[in-house]
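Enquirer: Take a look at the letters that make up each chain.
2 protein chains.
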Amino acid sequence: MKKKIKKINAAILIIGNEILSGRTQDKNVAFISNWLNTKCGISVNEVRIIPDVEKVIVKNIQILSKKFNYVFTTGGIGPTHDDITAKSISKAFKVKYEYHKEAYAILEKYYGKKKFNDGRKKMAKMPMGSKLIYNPSSAAPGFITKNIISLPGVPSILNSMIENCKKYLIKGIKIHSNTISLYTVESNISKQLGLIQKKYKKFVDIGSYPFFRLGKIGVAIVTRSTSLKKLKSVNIELIKLIKKKKIVILKI
Amino acid sequence: MKKKIKKINAAILIIGNEILSGRTQDKNVAFISNWLNTKCGISVNEVRIIPDVEKVIVKNIQILSKKFNYVFTTGGIGPTHDDITAKSISKAFKVKYEYHKEAYAILEKYYGKKKFNDGRKKMAKMPMGSKLIYNPSSAAPGFITKNIISLPGVPSILNSMIENCKKYLIKGIKIHSNTISLYTVESNISKQLGLIQKKYKKFVDIGSYPFFRLGKIGVAIVTRSTSLKKLKSVNIELIKLIKKKKIVILKI
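As they're listed, the protein sequences go chains B and G. Using my numbering, read the first sequence as starting at 1 and increasing by one per residue. Using my numbering, read the second sequence as starting at 1 and increasing by one per residue.
Pulled out of the complex, with its shape left as it was, chain B reads as follows (with noise of 0.2 Å):
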């Protein structure tokens, strides 16, 4: 399966009234995107936060995994009522909606008989035809379903699922990137970043993003490519104007 492809992408799902209602920070985002990025080389596209709302999940499962390469789902795979991922996910593909056998016996071994419960029986319930993704925090798997991968919604527990999912992931190529972190503001340097970012339009994704420091300002240019020569080109004009303007430069 693995074979080396150019831009593969990503959209992430975020499935929790506790994210949109703010009363959780979500954390996933940024550990998901870091780890696909540094790890698989393919890039997050697009993320959506939703409700737990069946008809909601379904229509969003059905628009992204049309629309990129896989889709990372978070929460909604717990024992209780508002779980309702693996279901929705079964009615967005029109796909039987049943107990995973290895899934069940994992479980059932993990808790033991007698204490396995329906709640914890409905963590065995998957969309037909997924295969697992092996948690070594707390037993209950997660699970990919055609491009679909489904995930907790418990950073800790979530973090330590990620590397189980490597092998169903096919790679892309990887994407370099670099930092200069300035003590200057954006519009001293924006006429000249744009005309750079012009020039290697097709090559370097050139970002900057204003931060404040110790009381000062401060501006981090991002630059990103596919190919290592382009982004050391861009680095080089990068660092040219830095030193004609005389501008501190905080890190590189």
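Because the hints were derived from the structure by calculation, they are not lab data. Because the structure is a prediction, the values reported are computed rather than measured. It is possible that part of the hints are untrue.
Which copy is meant is left open, because identical chains are indistinguishable; a pair holds if it fits in one copy or across any two.
Straight-line C-alpha distance at most 20 Å; calculated SDA-like pairs for lysine to any residue [stated by the list, open to error]:
| hint | residue 1 | residue 2 |
| --- | --- | --- |
| 1 | K115 | I247 |
| 2 | K27 | V154 |
| 3 | K174 | I242 |
| 4 | K167 | N147 |
| 5 | K199 | E54 |
| 6 | K115 | V185 |
| 7 | K245 | H81 |
| 8 | K101 | K121 |
| 9 | K146 | L132 |
Go by the hints and put chain G onto chain B.
Expert: What follows is chain G alone, placed relative to chain B:
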């Protein structure tokens, strides 16, 4: 403009490669959503995070502006080449992208005529007919265009501007919420919780969220409703269930 009507909703559109790539942890979703909930009675029903790509921004603005009462955008309103939110909103609504006179005057005064360069002037360009959202931190205003409210991406600046959005918003009905934190596992209460949710389906949303604290596993049960009376009834039933199961309450 202000009148009490039921269920006003909103979407948040986070514009920025730095959030998508995982380089920067988003903090604006939780902040805006919390503020809308508690101060305006407005629920956030969807969040999208998208790249700094014009056609993607245009399409998302068109879709979300039809689907929700309000759309809050964050990011892309600074002076650099990758700041294309205002231009994209103009294209989405097919209106002119032009200098806003008052914004121009504010910025010119703030920077002084000599230092008011092209990058800074760009921050005064907006979709025709936009109204300003004043910025007490760094002068460059946000703006509202039809039902789209555009704010900056830097959390501290956004936070300082949020109260200035209020006058443009129709208030919704207040959503009350209550949280009970327990030392238990979800599957211990999932069945009964499901039955209570079923009984109050139309009136109260019950969410169940596992957590880890000091090495112990817990569950936060969050109830939300526009009716304080129904919320109280549900919570009485929850307390009964908790006592029956002899579960330790951590916080109520």
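Enquirer: For each hint, tell me whether it holds in the structure or not.
Expert: Hint check:
no. : hint        : verdict
1   : K115 - I247 : between (65 Å within a copy, 17 Å between copies)
2   : K27 - V154  : both (9 Å within a copy, 18 Å between copies)
3   : K174 - I242 : neither (28 Å within a copy, 51 Å between copies)
4   : K167 - N147 : within (13 Å within a copy, 44 Å between copies)
5   : K199 - E54  : between (47 Å within a copy, 18 Å between copies)
6   : K115 - V185 : between (60 Å within a copy, 12 Å between copies)
7   : K245 - H81  : between (60 Å within a copy, 18 Å between copies)
8   : K101 - K121 : within (11 Å within a copy, 63 Å between copies)
9   : K146 - L132 : within (12 Å within a copy, 46 Å between copies)
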